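Chemist: Spelled out from the first residue to the last, the chains are:
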Amino acid sequence: MQYDIKLNDEQYKIELLDLKNNKAKIALDDRIYEVDITEVENGVYSIILDNTSFNVELVETENKKYNVNTLYNSYDIEIIDAETRYANSRKKEDVDDASFISTPMPGKIVKILVKEGDVVKAGDTLIIVSAMKMESEYKVGSDKIVTKVLVSEGDAIDGHQKLILLEDIENN
Amino acid sequence: MQYDIKLNDEQYKIELLDLKNNKAKIALDDRIYEVDITEVENGVYSIILDNTSFNVELVETENKKYNVNTLYNSYDIEIIDAETRYANSRKKEDVDDASFISTPMPGKIVKILVKEGDVVKAGDTLIIVSAMKMESEYKVGSDKIVTKVLVSEGDAIDGHQKLILLEDIENN
Amino acid sequence: MIKKVLVANRGEIAIRVMRSCREMGIQSVAVFSEADRTSMHVRYADEAYCIGPAPSNESYLVIDKIIEAAKESKADAIHPGYGFLSENAEFSDRCKKEGILFIGPSSYAIKTMGDKITARKTMQHANVPVVPGTTEPIKDLDKAVQVIRKIGLPVMIKASAGGGGKGMRLVAKEEDILAAVSSSKSEAKAAFGDDSVYIEKYINSPHHIEFQILADNHGNCIHLFERECSVQRRHQKVIEETPSPIMTPEVREEMGKHAVAAAKAVNYSGAGTIEFIVDDNLNYYFLEMNTRLQVEHPITERVVQVDLVKEQIKIVNNEPLNLKQEDLSQNGHAIECRIYAEDPENNFMPNPGLIKHITEPLGLGVRHDGYVYKGYEIPMYYDPLISKLIVWAPTREETIDRMKRALYAYKIIGVKTSIPFLNRIMDVPSFRQGRYNTHFIQDNEEFLLNEEKPSQKLKDIASIAAFFSYLKKIEKHQSPVNLNGASKWKVFGRKKSLERL
Amino acid sequence: MIKKVLVANRGEIAIRVMRSCREMGIQSVAVFSEADRTSMHVRYADEAYCIGPAPSNESYLVIDKIIEAAKESKADAIHPGYGFLSENAEFSDRCKKEGILFIGPSSYAIKTMGDKITARKTMQHANVPVVPGTTEPIKDLDKAVQVIRKIGLPVMIKASAGGGGKGMRLVAKEEDILAAVSSSKSEAKAAFGDDSVYIEKYINSPHHIEFQILADNHGNCIHLFERECSVQRRHQKVIEETPSPIMTPEVREEMGKHAVAAAKAVNYSGAGTIEFIVDDNLNYYFLEMNTRLQVEHPITERVVQVDLVKEQIKIVNNEPLNLKQEDLSQNGHAIECRIYAEDPENNFMPNPGLIKHITEPLGLGVRHDGYVYKGYEIPMYYDPLISKLIVWAPTREETIDRMKRALYAYKIIGVKTSIPFLNRIMDVPSFRQGRYNTHFIQDNEEFLLNEEKPSQKLKDIASIAAFFSYLKKIEKHQSPVNLNGASKWKVFGRKKSLERL
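Chains as they are written, first to last, in the numbering used here: chain P, 1 to 172; chain S, 1 to 172; chain A, 1 to 501; chain F, 1 to 501.
Nothing false has been slipped in among the hints.
Each computed EDC-like pair below joins lysine to aspartate or glutamate, with the alpha-carbon atoms no more than 20 Å apart:
1. A:Lys264 - A:Asp115
2. A:Lys476 - P:Asp18
3. F:Lys314 - A:Glu398
4. F:Lys356 - S:Glu41
5. F:Lys201 - F:Asp115
6. A:Lys411 - P:Glu41
7. F:Lys356 - F:Asp343
8. A:Lys473 - P:Glu15
9. F:Lys476 - S:Glu15
10. F:Lys472 - S:Glu78
11. A:Lys314 - F:Asp401
12. A:Lys97 - A:Asp76
13. F:Lys404 - A:Asp46
Quick partial rundown of chain F residues pointing at chain P, CB under 7 Å, derived from the structure:
14. Thr38
15. Arg43
16. Ala45
17. Ala48
18. Tyr49
19. Gly375
A few chain F residues facing chain A, derived, Cβ under 10 Å:
20. Gln305
21. Gly365
22. Ile390
Quick caveat, the hints were computed from the structure, so don't treat them as lab data.
Everything numeric in this text was worked out from a predicted model, so none of it was measured.
From the three backbone atoms N, C-alpha and C, an ideal C-beta is built for every residue, glycine too.
When you get a sec, could you build the whole thing from the sequences and use the hints?
Modeler: Here's what the structure looks like:
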């Protein structure tokens, strides 16, 4: 069975052609690899390809999405199977007309500068978040309306958590 | 709910009296402890009792049986709940009249010195097992009959695996 | 004799202090905030006391709570580590008042060295060279402009009460003077409640070189040579080494003497650091004194072969130093890399989170001072320092090779770290050659931040690992748990097995 | 110049060798048996070749397979580590024949030193003191008895072809001579196919002290001082230290010269060790030479500040030694503890198995050379050595304190280890005082094997941990997976939570 696999911005076809014990034959587009692959620790793979020893460490960040590290490189990799393809096709339309503010890492809300209903201009700071003694201002990229503020000042937040929901002004 | 707990050869009653977040109140016989307990790593507990910091590391060796290590001591601990009590009462009778040879660690069978039906005397060597370059002879403790040999020479074996089954001579 | 030490700190430094205590047969007491219950220092200590909520100003910075824990635990002494209360004169005084030994200098030394202008004056008195500039705080704008004209451009304007780069301005051109002074003053006012500024000559291509000193309560004071700390990013040290690659024996001896004079000028007791700014011609000027243990103290420990924490404790025990200046020498070379939970590709944003996996570097010549472990979640409230990697070898070149070897083996999954960035620093020719100053990172930013382009093969290897991880998960969901690790798997209609994956 | 090294070994020593290769910019090639696919040396190496089934005699000991892997990988050189093929003269020759550099001595040196009687004779020729005894193998029973009477009791009878204690007999009384000689001969015959025995004076309360030497291909040969290896159990070293606590500068210098003479007598090249047996009056006698790197080499590396693997490689590269005898000195003190997967409470039975958890000791003065990791299963086919813990400090006393601190922090769950046993050795007064010989473990067995009696409180703490682990498991089975880690749990009718446990 062939899958699509996305590595950063690149996309390939990937297929497991054969597997016996640790020895796998895999096609990536038209590149065929015969590897000796084993998960030595949880999330840590040892791969031997043509007698070269590779160490790969990965974390599943979301369902079917992985952050993968080789020696000094880091990749975001997603496996796109039938289920994902279906979900993607459904999501397509309603992605562009909603929007939100989130942070890439956990932190604490220092200040919220807007309230529901506010009209904000591109470049306006909506919220200030601190993490590890550093404060960061989160700005809006284009003119919007604040539809919902999901957090309060002082809240501890996770990375990628939605903090403020926005809508385009044209839609209101 | 009160449980029995066996530590090496000692047995106590143990009961969780209260638990809130990490803070637990526990009775061991008539000794009451209020501890701050948290599993910091898989199988590793940090316990603070009266501001003293303890580190305890454990492995579940069998169902409800644990090998527990404090700084320089090691204990075998078993939790005896209703299920165990029932199972124990059922097993009681047929424990004594059967017997077997096993080894405490994984290894390889070097030599089997007996076959089914052999009558063996206390102190006879029945089987030689090697592990990590060392060979050990396993002897029988009292006169027995060999009823079954479950392994062959050259076999790799696990620790605690039954190798040879024996019966008392009187029973035959 | 000290029998029990409370360590008023967390993270790697708390553990580092407790290790020396343990070797000396001294009990150690940890204090921890609610966010730090699972922190390694709590696990390592003999005793542990919770001192309040996660934010430092409600826990690690609250003098009353620390004192209370010290009393409850009957600790004889408090070690403040670095940061937090380590340079707080009030805390030093308070310990004294409560009859608890403070493992650090007197409040007098802390205060004198803590105020930049007082420190400058004291140093001038002790004939320690200082950067040409003003010795009085300047409150008046016109006066400031006059002084700058006298010293000559370029100059730095700094806040008297300052630190951490706040209120600092570089003025290179005549026409920028007014704006710079007034913005420096208003920033100083806002940050420290005091708009006094002072003015210093700006040193071109400066090196940051500091001297470790030790002083006992019997009038003995020695230096343990220099540390070169010029690899900095935004005034934060990133890599330190000793000996400094630009130092000469003559200048070292001179600077060492001045460092000792500086410490003596404030009747210093304990371990401290005299920081100098040094130009390319090895002209050097007193910059400031750190009246505490430094993050980078281990490189001195390795090269001078001294345990600085033990020395601190012995000094507080009123023992005379048994190290003599004439017996000390620098033995080989040591480099420290600071490993931070931060994302070099994303403007070094702190990256707290769960450590999903860690492999620590080991072996000949490697010291690793850390505190995180697999399953530990780095809290967002504190400094993102994960660990310090200290490497020693007989020569500087071999030390760099060894550092690269150690960085190669050091793996952390779960949070982004500065490891790849540090590894690239080791490859910069000017670093290899020892020709660098505090502009180093800025000057080499492009090289340092440019991730090596992976080959197609390497990308495919990464894809294969992710793909297997995915397949394994799928398999787990489709077949019941199997106990012996070997399962037959027929999703693809052919007989395939994922065993051992 | 060597560019790629195949390491014909496994475990900690393979990784230790590869680390130095990496620092020198040399590629490393691992070989592994089928039982070692997940072993760390395979992961650490640049390349890896499978060389056969688990048993050593089908993989690590098969010269043809090693050579084949070396050729396929185009390795310039082979490092044999210790054990396996490291003292195999045929292997050294074979490498030479195949045009691959062998990182070790010539087959001549290996063979000469490998045969005890030839070695004795060679040493006598070189004026190196040997234990009084015979220099010719004795086949005849009567002759043996005569000789023993001449040397005087007590004597040791040893197999000429022997090793590992096989065929060895101590004779203390006249009437035991005949029985001892004949049983020694028959055991030698059975073990080595050769019933030659030789006879040596038995040294009472002997110390095992060895000298590290390095010799290049240009006639330079130096020694790197001694290692004291008298803490042994059944002729296996358990703890090593340097300097030896019984050594004097005069005897050290003399023994060092003899060690160099011993190496020169066989035209030695590379790193090697001359073992001496030393009595309480510091009379010393050549025992044997190990023509390879020793397990305990790191203590010398630390105290003499040399990387012995790098020196080995440079020697094979035909470089002249750049270390001069007169520049070398012993710097502080180092102790090594060997950590084995074995059960001290159960007659030191090897205890292979799955490493469920490991916390490695770190910090100032600690070197840890290991290879196991969480999730790794120690195979039953090889030596049960898990790692070597090497500790340094300026003084012997501080080194012992530091070793105790390191052992305190070193935790392994899943297999039994010698850690508690080693910790107790550090507490034995005669060890602390440096007054011990090879009978040390035997003499202190009772103390060493007597586990400290835990207090009731400690036992209760252990019970509580097990109980919580049980409760947590029960809870998991009774409620569905919850994602945020906080669940309400009502088994006991009251509101209780096991969150964070």
